[in-house]
Amino acid sequence: MAEKRRFTISLPEHVAEELERRSKALGGNPTEYAADIIRWWYGEGSPPLTAEEKRVLEKKKASN
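Residue 46 in numbering that gives the first Met the number 0 sits at position 47 of the sequence shown, and the numbers go up by one each step.
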């Protein structure tokens, strides 16, 4: 398997607490749960998360 890249992120306390709560219920850890969320997003085709991101991606696509 290819080496995995690592990222360090900062989250608001309430978001971190929710990651901890959900991952604990599944018997995992918050880092694995956050990675699952990112893999899900990627599996959905990496849709834009904000209106600004959507606008930028559409502009880039139109210029190609």
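A hint or two may mislead.
Okay, the calculated beta carbon distance ranges per label pair [unchecked claim]:
id, residue 1, residue 2, range
1, Glu19, Lys58, 33 to 39 Å
2, Lys59, Glu16, 16 to 22 Å
3, Glu16, Lys53, 26 to 32 Å
4, Glu2, Gly44, 22 to 28 Å
5, Ala61, Ala15, 34 to 40 Å
6, Pro11, Arg38, 30 to 36 Å
FYI, nobody ran anything at the bench for these hints, they're computed from the structure. Keep in mind it's a predicted model, so treat the numbers as computed, not measured. Cβ coordinates follow ideal geometry from the N, Cα and C atoms, glycine included.
Hint-by-hint comparison with the structure:
1. Glu19 <-> Lys58: 33 to 39 Å: Taking Cβ atoms as reference, Glu19 and Lys58 lie about 38 Å apart, which means the hint holds.
2. Lys59 <-> Glu16: 16 to 22 Å: violated, 36 Å
3. Glu16 <-> Lys53: 26 to 32 Å: At 29 Å between Cβs, range holds.
4. Glu2 <-> Gly44: 22 to 28 Å: holds, 25 Å
5. Ala61 <-> Ala15: 34 to 40 Å: holds, 38 Å
6. Pro11 <-> Arg38: 30 to 36 Å: violated, 22 Å
Going down the numbered hints, you'll see the structure goes against 2, 6, while the others check out.
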